[in-house]
Amino acid sequence: MKLIDKNNFVPTVCVIYTILSVSKIVLEAFTQGKFGSDQGNLLTMLLFSFLGTLILSQHYRLSQLPLLLVAVLQYGILAATVILFTWVSGHFTEIHPDGYRDMLRSFTIPYVIAALVYYGALYMEAKKANQLLQQMKEEKKNENHE
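According to our numbering, the stretch in the sequence shown is residues 1 to 146, in order.
Note that these hints are calculated values from the structure, not bench results.
Below, in silico cross-link-like pairs of lysine to aspartate or glutamate (EDC-like), each with a Cα-Cα straight-line distance of 20 Å or less:
hint, residue 1, residue 2
1, K137, E125
2, K128, E139
3, K127, E138
4, K128, E138
5, K24, D38
6, K6, E125
7, K127, E139
8, K34, E94
In this text the structure is predicted, and so the values were computed from the model without any measurement.
Could you build the full structure based on these sequences and the hints that come with them?
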């Protein structure tokens, strides 16, 4: 039995890379006695990756709504989270005058790409399921006629 196969190879590499990266960040923070902006940026990217994935994965809860509305709602929730995070961060560090815009742009571009890939894959999966259903209906119809 193979634990790692062609279907889970890339996700496995990504999980291992994430664990190693976070471990390195934590280890450096302890050994160097400081938590630098690079370390904070990497953990912020991890946090927003987690939140983006979590929000995208919840699309099925809103399946009764049009997909465009669901996508806009999801992005709105995440954009508000980014703005809130930036506002809270501004209480601990100085924020550049363009900080909110830059933070939103840094989040929006990868999120839109990921959402397009996700919803494209979801569409293809649904299309394939519909084709299988149609094929099964035709086979059953042919069996009933014989």
